[in-house]
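Student: The listed protein sequences correspond, in order, to chains L and H.
FYI, this note's numbering numbers position 142 of the first sequence as 125, with every residue one higher than the one before it.
FYI, this note's numbering numbers position 158 of the second sequence as 141, with every residue one higher than the one before it.
Treat the hints as calculated values from the structure; they're not laboratory data.
For clarity, every value in this text was computed on a predicted model and none was experimentally measured.
One or more of the hints may lead you astray.
No copy labels: a pair is met if it fits in one copy or bridges any two.
[To be verified] In silico DSS-like pairs for lysine-lysine, Cα to Cα no more than 30 Å straight-line: (1) K38 with K70; (2) K93 with K371; (3) K103 with K371; (4) K349 with K103; (5) K103 with K93.
2 protein chains.
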Amino acid sequence: MALIVQKFGGTSVGTVERIEKIAEKIQKARASGDDLVIVLSAMSGETNRLIDLAKQISDQPVPRELDVMLSTGEQVTIALLTMALIKRGVPAVSYTGNQVRILTDSAHNKARILQIDDQKIRADLKDGRVVVVAGFQGVDEQGNITTLGRGGSDTTGVALAAALKADECQIYTDVDGVYTTDPRVVPQARRLDKITFEEMLEMASLGSKVLQIRSVEFAGKYNVPLRVLHSFQEGPGTLITIDEEESMEQPIISGIAFNRDEAKLTVRGVPDIPGVAFKILGPVSAANIEVDMIVQNVAHDNTTDFTFTVHRNDYQAAMQVLEKTAQELGAREVSGDIKIAKVSIVGVGMRSHAGVASRMFEALAKETINIQMISTSEIKVSVVIEEKYLELAVRALHTAFELDAPAKSGE
Amino acid sequence: MALIVQKFGGTSVGTVERIEKIAEKIQKARASGDDLVIVLSAMSGETNRLIDLAKQISDQPVPRELDVMLSTGEQVTIALLTMALIKRGVPAVSYTGNQVRILTDSAHNKARILQIDDQKIRADLKDGRVVVVAGFQGVDEQGNITTLGRGGSDTTGVALAAALKADECQIYTDVDGVYTTDPRVVPQARRLDKITFEEMLEMASLGSKVLQIRSVEFAGKYNVPLRVLHSFQEGPGTLITIDEEESMEQPIISGIAFNRDEAKLTVRGVPDIPGVAFKILGPVSAANIEVDMIVQNVAHDNTTDFTFTVHRNDYQAAMQVLEKTAQELGAREVSGDIKIAKVSIVGVGMRSHAGVASRMFEALAKETINIQMISTSEIKVSVVIEEKYLELAVRALHTAFELDAPAKSGE
């Protein structure tokens, strides 16, 4: 008999009919004898409806009060699902974040979980009840209602699984698992049976938006086996777990991630002196703009070129900051481009395999795709290319790394 | 400097625009130097929307879970109003029933307030904040969310006023006060400046639905001066307070209440023996049907006739119960009528004035309205008449008791 935490997102509980289906699913899962803790999001659209309401009052709604409002969305779904379970003869009880109690810090709208009291939940499980918990919300030391920020229900699920030492945390979504790349771009993309936390982090942060990054970090930190599954289709999903090299025949590359949300900015001919990187990026960061890739090449004639990428929405603001800095530094030229895309190959297997990067560059060269920037980490290689070549590049890499092949059993 | 509790109902906070208007009103009230505690209902329609959602899951939604859902309605309005106040530079903070904490018993959907912790509120008032509290909700000893039942926000307002020993509890509604009778029936009806708790109770329970009965009882018990006012119109409203005979020139009758929601049932020729009333009403009460008026006249030939009224919705059920009882008792006949109306004159003044009832009967006789049943209490006389004469009877009584006259100043 296992203890499983199951998390269902907003579309999974978006209508009463869907809530009934989830209840049916839980009833079946429980018939197999497992102890179940369910974490729910608000009905899809509800959080936006509430934010819209608040914005009608003020462009900058008071964060504490916004949390009081936003937390109501999950309160409705946990009650509805619990009713649907009890109707089916499944003993169940709902808890808000405050009732559990999920203690967070006081950073309203983006709070972090500090501690979870598992006493009530354990008692209910012992009494044979399914426990239905509101995701996304908690309470601070002073009793103020807090929310964890967008996607925070995943984090609640993982945190609960960690606190309860659950056997698995299952995240139900509208996809049936994590794929080698986006199937809309590569029809031959296939579902991965397993992936490591590290790989998942790289995949997620690079644009495969199946799971919230924070929840994967959390799961990795506390070693909570995470499983991504489809809410309304049967199937094993994808298990995200630690890297068990002994038991897993490691593929070199697990997947191809990509992202067209970025823009690049370059400043040429800056003096090649210590501290220049900080002088360029300090003001960008001070303007609250997040920087992703940063590339600086070797200097010549005592000057160097410096390139970095930001989210496209921040491009104009970043350019303004950079132009000012360039003038101060006496740089030769500032340029930028928003028509770029980032493509990355991700896999823990590349740690022990040489030549992965060159195989990537070769595949791109074959398609005569020019590489504008390169950056690498232990388990990924990212390149920036012209946006129009994105699909071509992803397909070429998917084939080059033999990801098109049907999934091997037991992989 | 006074401490005032102001309660605004669902229509007063039904839209963002109205919430802004209420915020403006509170800003002005605060400028006069009063300490303010605001109690809010959910946006009008929201509670029904949530109940509908729950009913889609189950005809009999689990009461505990229904409360988890229903309590979200006020949580949204308190947050919105607090945002609107802070936007105006008025320091404010919102509290749910749990946060206050408003301790209730565990009777979900119809809980009773046991105790209110005034510590947080007093601290906030001391710090110059307006405190915005969710009406209608509380929390039981075990931390379960409870609701007080329909109209419970009035009760929250009064209970808070009692706990804080507030100078006044102001209930803002869509009428500008309590009237001598329904102005839709009698255009000459006039607003009362003052009315006693007892009179208000009789008026409210008889169908003048300005205030929830429980809140008036509560206010009377703890002697909290209650004032009924219009949310969006200026005016003194109606003060509901204890009977201060010294200072008030007591009118004989304060108002005419009426009700067409009842039906009457009669059983004729039951044996006139001890315990027969219980034998007739016991089964009715056991079927959870509430009985209002009960009339039993003197016996003749060792049998008696017995008549009572119930809510029209309960008429069929009550009739079934009564027919069974009548057979068991060997009664002669059972009959009933749903086309009836109850008209009552209410006033603490009648305690010390003889002849009030006869003046009532005289006025009805003049209009040749037949009286079917009569029942009296210390401060009211009620009669049941044929429904079609209702308006005629109310107007005749309003004139007979000189209620048509314009309000005297200082009354």
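Student: State for each hint whether it applies.
Tutor: Do the hints match the structure? See the list:
no., hint, in the structure
1, K38 with K70, "between (38 Å within a copy, 12 Å between copies)"
2, K93 with K371, "neither (35 Å within a copy, 63 Å between copies)"
3, K103 with K371, "neither (54 Å within a copy, 59 Å between copies)"
4, K349 with K103, "neither (60 Å within a copy, 70 Å between copies)"
5, K103 with K93, "both (25 Å within a copy, 25 Å between copies)"
The structure is inconsistent with the numbered hints 2, 3, 4, although it conforms to all the rest.
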